[in-house]
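Listed below, chain by chain, are the residues.
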Amino acid sequence: MCGIAGVLGLDDAPPVEESCVRQMLAMLRHRGPDEFGIFLGDGVALGSARLSILDLSTGQQPIANEDGSIWIVFNGEVFNHPELRTQLEARGHRFSTRTDTEVVLHLYEDAGPDCLHRLNGQFAVAIWNARERSLFLARDRVGICPLFYTVADGTLVFGSEVKAVARHPKVQLRLDPLSLAQVFTYWSTLSPRSVFEGIREVPPGSSLTVREGRVSLQKYWQLSFAAAGESAAADGDRAEGEAVERLRDLLVDAVAIRLRADVSVGAYLSGGLDSSVISSVARRVGTGRLDTFSISFSDAAFDESVFQREMAEYLGTAHQVATASYADIARVFPDVVWHAESPVLRTAPAPMFLLSDLVRRNGYKVVLTGEGADEFLAGYDIFKEAKVRRFWARQPASARRPKLLQRLYGDIARVSGTGPGFLSAFFGHRLTEVDAPDYSHAVRWRNTARTQRFFSEGLMAAVADSRKTEGGEVEYPADFGSWGPLERSQYLEAAIFLPSYLLSSQGDRMMMAHSVEGRFPFLDHRVIEFCNRLPARFKLRVLEDKYLLRALARDWLPRRVSQRPKRPYRAPIHRCFASDVAPGYVRELLAPAALRDSGLFNPLAVGQLVQKLEKGLPLGETDDMAVAGIVSTQLLHSQFVASKRHTVPLDDRDRVKVCRQQRVS
Amino acid sequence: MADVRHELRHFIVQNFLFGQGQDLSDGTSFLENGILDSTGVLELVAYLEETCDIKVKDDELIPDNLDSIDAIVAYLGRKRGTSVTPG
Numbered sequence: 001m002c003g004i005a006g007v008l009g010l011d012d013a014p015p016v017e018e019s020c021v022r023q024m025l026a027m028l029r030h031r032g033p034d035e036f037g038i039f040l041g042d043g044v045a046l047g048s049a050r051l052s053i054l055d056l057s058t059g060q061q062p063i064a065n066e067d068g069s070i071w072i073v074f075n076g077e078v079f080n081h082p083e084l085r086t087q088l089e090a091r092g093h094r095f096s097t098r099t100d101t102e103v104v105l106h107l108y109e110d111a112g113p114d115c116l117h118r119l120n121g122q123f124a125v126a127i128w129n130a131r132e133r134s135l136f137l138a139r140d141r142v143g144i145c146p147l148f149y150t151v152a153d154g155t156l157v158f159g160s161e162v163k164a165v166a167r168h169p170k171v172q173l174r175l176d177p178l179s180l181a182q183v184f185t186y187w188s189t190l191s192p193r194s195v196f197e198g199i200r201e202v203p204p205g206s207s208l209t210v211r212e213g214r215v216s217l218q219k220y221w222q223l224s225f226a227a228a229g230e231s232a233a234a235d236g237d238r239a240e241g242e243a244v245e246r247l248r249d250l251l252v253d254a255v256a257i258r259l260r261a262d263v264s265v266g267a268y269l270s271g272g273l274d275s276s277v278i279s280s281v282a283r284r285v286g287t288g289r290l291d292t293f294s295i296s297f298s299d300a301a302f303d304e305s306v307f308q309r310e311m312a313e314y315l316g317t318a319h320q321v322a323t324a325s326y327a328d329i330a331r332v333f334p335d336v337v338w339h340a341e342s343p344v345l346r347t348a349p350a351p352m353f354l355l356s357d358l359v360r361r362n363g364y365k366v367v368l369t370g371e372g373a374d375e376f377l378a379g380y381d382i383f384k385e386a387k388v389r390r391f392w393a394r395q396p397a398s399a400r401r402p403k404l405l406q407r408l409y410g411d412i413a414r415v416s417g418t419g420p421g422f423l424s425a426f427f428g429h430r431l432t433e434v435d436a437p438d439y440s441h442a443v444r445w446r447n448t449a450r451t452q453r454f455f456s457e458g459l460m461a462a463v464a465d466s467r468k469t470e471g472g473e474v475e476y477p478a479d480f481g482s483w484g485p486l487e488r489s490q491y492l493e494a495a496i497f498l499p500s501y502l503l504s505s506q507g508d509r510m511m512m513a514h515s516v517e518g519r520f521p522f523l524d525h526r527v528i529e530f531c532n533r534l535p536a537r538f539k540l541r542v543l544e545d546k547y548l549l550r551a552l553a554r555d556w557l558p559r560r561v562s563q564r565p566k567r568p569y570r571a572p573i574h575r576c577f578a579s580d581v582a583p584g585y586v587r588e589l590l591a592p593a594a595l596r597d598s599g600l601f602n603p604l605a606v607g608q609l610v611q612k613l614e615k616g617l618p619l620g621e622t623d624d625m626a627v628a629g630i631v632s633t634q635l636l637h638s639q640f641v642a643s644k645r646h647t648v649p650l651d652d653r654d655r656v657k658v659c660r661q662q663r664v665s
Numbered sequence: 001m002a003d004v005r006h007e008l009r010h011f012i013v014q015n016f017l018f019g020q021g022q023d024l025s026d027g028t029s030f031l032e033n034g035i036l037d038s039t040g041v042l043e044l045v046a047y048l049e050e051t052c053d054i055k056v057k058d059d060e061l062i063p064d065n066l067d068s069i070d071a072i073v074a075y076l077g078r079k080r081g082t083s084v085t086p087g
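As they're listed, the protein sequences go chains A and B.
Under my numbering, think of the first position of the first sequence as 1, with each following residue one higher.
Under my numbering, think of the first position of the second sequence as 1, with each following residue one higher.
Bear in mind the hints are in silico, worked out from the structure with no lab data behind them.
Be aware that one or more of the hints could be misleading.
What the hints assert, rightly or not - Here are the simulated distance ranges between beta carbons:
1) G21/B with Y476/A: 30 to 40 angstroms
2) N33/B with A300/A: 35 to 45 angstroms
3) P192/A with A74/B: 50 to 60 angstroms
4) V581/A with N33/B: 26 to 36 angstroms
5) A74/B with S579/A: 32 to 42 angstroms
6) D23/B with S398/A: 28 to 38 angstroms
7) N33/B with R559/A: 41 to 51 angstroms
8) S579/A with D23/B: 24 to 34 angstroms
9) G21/B with Q222/A: 14 to 24 angstroms
10) R587/A with D23/B: 28 to 38 angstroms
Heads up, the beta-carbon is just placed ideally off N, CA and C, and yes, glycines get one too.
Produce the entire structure from the sequences given, and follow the hints as far as they go.
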């Protein structure tokens, strides 16, 4: 993968300084350390930091079309580029490289913004059309590759990461109160917000066109599901058999095209079903050896290395393991936050950061990984929770129905006791509002929002103020109401949690921190569109998750793996931040003086939480989220707002290609 | 009993309200006000068992016994009442 950045004057703009772009690119060095490129035009600049994966020798960016009127910088991959290239060559386009980047360029020449419909991949792209004087920014369908922008004092500044945008002299970073409240409710901001004031993302599946000083946003792909009762398959075993076959074909092809690279491709192995399926397919369709990589925990409560080893032995892969201790997690956490550019209410990104380091040290730049199956084939417990709540809501007085929740959440087994009282209290929130669009997530979001009790009065007042003008609530697509209950809850996971947390804070950012590119076969849009037409019973059958994938996996995996109950990926939190293992920064950032400096949290309340932490008692879910959230927000404030972190500038040792263009007639 | 009530209040305010106890009355429902989550209930039970020298039975783990300071004080009274009953 790579990083991109750029600047466009919206009014009659002065030329963009090369030094400015160089500084922005220096902030993206981790994303693309191999070579750099800069395009300088009339009031516009594009920059690229490249991680070479295809056409290692001549693929340096920026790339121009035949007459030099259109320029592109590109982050990501188009997996169907050989097929598209053949079509474009037949139409007379001449190529100067073997890259997918150039395929996108010529496709854009032909089809304009509609070119996006033809791409199967993961990308963030910027294209400057000098004749039209228009800038085109776009992002892949589900938001695998990041892309941020802001308009500051008549200048549009964009970049793969906020830290690059912030290098522009007109941009000042401040934490946005309403965005913080969103993170402390949904685990992430709601797109297009970032956690910084005025910095927006190009939403997944969208493009932004800037022409004559006007910025317009278009959506080219919408996450959608079959209307209730209109799913593709008919009844019966035959339909199920056909669905398994179709899913098999799609997955095999999704993996096969993601093995296309001029470097070796490895795979993550979590020990669960999804990554095992992907690795198994890769082993079958790939030609070379397959290296697999896993994270293990020194705390046995979180560790799955037994299952990882079992799977690696079964597949015959060369297997490497990164072990995460409490101290490791606390040690890397400041870097994790630096890369995530968001508070996180979990430490789970930290092991992913350690894992990409292991991958890189083994000489790999690309890994296949299993994200997406839980969203589109229904693996998450929250889908089951919503289903049980709906079942219970039909007889709210039932003592038996809520007890089904014990199957999902082991830690509530004791508190559920003999009566429904506590279960009703924890999971009965808005129990009978089954038509509310947020029904499936109401309990989780309410619980998470309890972490806002630590906000300072000033922050709470600022949040309340922003809400009056900006709202900041979840928005639902027009056809949301026509979908079934499972699909509605899938939408909320796939539209919020997936792009804004899983693929960013825990995905792209953690991998790119060590110049590793993740590839996600379950997020191939053909797989998603197929899954979203399936009847609910092929996904969540009674309370059996990922029904269809498990049926398919029987052919590929040992039965113990294909039928193993899902276990959420989690990492320890409070044990990492207690003073017996935590580095000094944790105490410093949680001290009253540091809390007053940032002004974001209530020193008295945080002090009580720290005391609780120091007593060494196991903290509950909410307290755990609060600890991670407060520490990471304080880190964010100190690294992005209070001071600017320095980085290695581009210098003579870097391969930098600079292309200049004056006015095009 | 006044001491128990006072200490209990202190425990709730410190551990679940993080020092912000101004709105907590003795009758405030922990559950309706989101003061306890599922692990919070277990923390509360562990505290009662340690400091009040009682054993909370599974069938006593119900909101009637544990949902407010008043409810807990009454429950502890019943517990102690029954514990001195012979037989």
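(request) Give me the numbers of the hints this structure contradicts, sorted from smallest to largest. (result) 9
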